[in-house]
Amino acid sequence: MKRIVLMGNPNIGKSVVFSRLTGAEVITSNYPGTTVDFSRGRACLQGELVEIIDAPGTYSLQPTNRAEEVAAEVLRWADLIINVVDATNLERNLFLTLELLERQKPLILALNMWDEARRSGIEIDCKALEENLDLPVAATIALTGEGIRELVGRLSEARFHPQVKPLSEEERWIEIGRITKEVQKVTHRHPGLGDRLSEATIRPLTGMPLALMVIFATFWLVRLIGEGLIAYLFQPLFELYRPLAMSISAGLGPGMLHDLFIGKIIDGEIDYVQSMGLLTTGIYVPLGMVLPYIVSFYLALSLLEDSGYLPRLATLSDNLFHRLGMHGHAIVPLFLGLGCNVPGALSTRNLETRKQRFISATLLGLAVPCTAKSAMIFGVLGSYGQSYVLLVFAALAVVYVAAGLVLNRAVRGESPEIFLEIPPYRRPGLYMILKKTWMRIRWFLAEAIPFLFLGVLLVNVLYTVGFMEWIARIFSPFMQWWLAIPGEAVVALLVGFFRKDLAVGMLLPLGLNAGQMVVATTVLSLYFPCVATFAVLVRELGARDTLKSAAVMVTAALLVGGAMRWALIG
Amino acid sequence: MQIPVTSLKAGAVAQITAFQGQGFSFQRRLRTMGIREGKWLKVVAAYPFAGPMVLDIDGRQITLGRGIAQRIMVRVE
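The listed protein sequences derive, respectively, from chains A and B.
First residue of the first sequence: 237, per my numbering; consecutive thereafter.
First residue of the second sequence: 4, per my numbering; consecutive thereafter.
Keep in mind that a hint or two might mislead.
With a cut-off of at most 25 angstroms between alpha-carbon atoms, the simulated SDA-like pairs for lysine to any residue come out as follows [to be verified]:
no., chain 1, residue 1, chain 2, residue 2
1, B, K42, A, G430
2, B, K42, A, T300
3, B, K12, A, T300
Covered stretches of chain A (in silico footprint by chain B; criterion: 3 or more residues with CB under 8 angstroms from a CB of chain B, positions within the stretch not fixed) [claimed, not checked]:
no., segment
4, 334-348
5, 570-577
In short, the hints are calculated from the structure, not lab data.
C-beta: ideal position from N, C-alpha, C; glycine also.
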């Protein structure tokens, strides 16, 4: 099958062109041996079935990072190259075009964001550009789909220059200067409302309050969508499932198997939150409570990305993250992690170096409460008063920053500085947002589900053979002394190592006082992520780094638990 | 007179004259992102506490860390 590779700078709507060309059958996969993802899909173009590959965005074919390395590798598979060029920034984009010209592969240009260029006072003479490069050029507005048909219609004209003379970098810039001068006319425009808004969101004084507002609005939206999905989609589905679960319960009869699969029957009914069986709570928590929020968090992330706000948020937050050994992009794992740590952990692969990925993943598992953890904190402490709930969240925030400061000094390796382009604001297209979210969720399910099952299986074995209780007995005296909470609570903490849901069920009936409950809840939130996150960490960081990361989490949990014990219990 | 771009305040306009150190691939990376000798830039934002800088070049805004910005030398009219 013929392979068409899309090449272009980052943030120029290349993926939108890709989406316009391909159908629903799109696969996002990992480039072997790297943490860089790229998408491939199929399309029937002019009666021929072809494979289309969306290479990672790159400024040049001489790579400066992993994503650019992959782009250069993917290029080798191409039978035909579509070079997507940003019309609003022709000069810089042509550098890659001239490099591609030397590769002796049929090449066609898609001059994208044509409308935006015109609005900002840039006129490009398409015909003149075609003549200058001796290549077909199709003007496109991928967001609306305009020009895509012309692009497809002209694919057969794609060509290369057999006798092209390789240029030095110096000569390339001179050639680019000559071409842009000939084909582009720029009329100066006074900065409009968009430009002023853009600057206001980047400057620290105005940007910070605006960022807080955006974050607030985003969480409101996430909650609205998440709750909506639960009420109108997931809850009804689980009600449909209830009779089946009840008949399984009746079929099993009382006994160990019933406890394992169905759990407790409360008031003659299965309680999805409290029954604690594999086939009840075991599937309700991940599917009925967490998945809706994963959907809504991914949706919100796509919105932040496509509107162009995310790079601004990364810029604003860089000051903080840079001190914690990462840079502004680390806000993505943090944000997704608040929904569910699993997609958060998966998104750490977009960070550049091992050090950044390690710190970001460790802080995620340590101090970023997912929807289920937050629900646990509210559930356990809500009856003691909202101020205690707030206290736990405040402790988590302090731990995030403090542990980051320490890890930045302790972890060896590079943490390169932020270096990114801020695209202009764009109105996100509904179709693109939905498609992107759908692709992400499908990718997430494919990546995470096998690990989730493996993890749950392993944990259930550990619990059934009594391993966790054995561990609990060994460490119980130390923990009782260190945290000043009763023995049963310590058992709950240790048993809840991988299963917080179990721990909550064990803590509630103990009648602890507020201080003890805050200490127990904080330690429970801190010292380990759920088993699914743990499994993903093993995969993203490798076994050795995951062990180190786990050691950091346990140590931090004990230190913070001890400190809170002295502050609250005395 | 050549000064590093980090000594400019937000709102300042200057012309890029040279890059300092960090080898060929670092300089190419700057150039391919549109930061080139001879270009005019405007400082959109300079974050306090040695935070990043945001530069506007040819109507495009680029965020870069202080360490990178320190190596970009400019001339003010």
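Here is what the structure says about each hint:
1. Annotation: proposed proximity of K42 (chain B) to G430 (chain A) holds, straight-line Cα distance about 24 angstroms (limit 25 angstroms).
2. Proposed proximity of K42 (chain B) and T300 (chain A) is supported: the alpha carbons are some 22 angstroms apart, at most 25 angstroms.
3. A C-alpha spacing of about 30 angstroms is found between K12 (chain B) and T300 (chain A), which places the hinted pair above 25 angstroms, so the restraint is violated.
4. With 0 residues having a beta carbon nearer than 8 angstroms to a beta carbon of chain B, the segment 334-348 of chain A misses the requirement of three or more and the stated coverage is violated.
5. Here the segment 570-577 of chain A counts 0 residues with a CB under 8 angstroms from a CB of chain B, which misses the bar of 3, and the coverage is violated.
In this structure, the earlier hints numbered 3, 4 and 5 are contradicted, and the remaining ones agree with it.
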